[in-house]
Amino acid sequence: MSELSVLKNMVRTGIVSSVNAGNRTARVTFSDKGESPIVSGELKVLKNAPFIPAQNAPQRTETESGGSGDAAFAGHSHAVKISPWLPSPGDYVLCIYLPTEDGDGFVIGGI
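Residue numbers (this note's numbering): 16 to 126.
I should point out that these hints are in silico values taken from the structure, not numbers from a laboratory.
If you're wondering where the values come from, they're calculated on a predicted model, not measured in any experiment.
A few of these clues could be false.
[Unchecked claim] Derived DSS-like pairs (lysine-lysine); straight-line CA-CA distance at most 25 Å: (1) 59 / 96; (2) 48 / 96; (3) 23 / 48.
Go ahead and model the full structure; you've got the sequences and the hints to work with.
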């Protein structure tokens, strides 16, 4: 592969096809080069500041009570688990590859 070809393929966009949460990797389908779609190997997902609530987890609220009549409820709170962002299948993402033939690639964020 020529140097120019390597440089042209360093930054790519695609659609996440699968995610391995345990390894923090994702496979991405690329169809941005006018070719038939190509599915990547497992790309490492960059670590981000943990500010995204975990999907399908209960969220935390301040202890509140209130309402009257039918709307009355007891004071309560909910726990929340915050975890680093991982893409989901179907997400549109930006990827970057090391500038070598068959270089490692990374998912750097969602678009």
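Against the structure, the hints:
no.: 1; hint: 59 / 96; verdict: holds (22 Å)
no.: 2; hint: 48 / 96; verdict: violated (39 Å)
no.: 3; hint: 23 / 48; verdict: holds (10 Å)
Figure legend: structure checked against the earlier numbered hints; the only hint not met is number 2.
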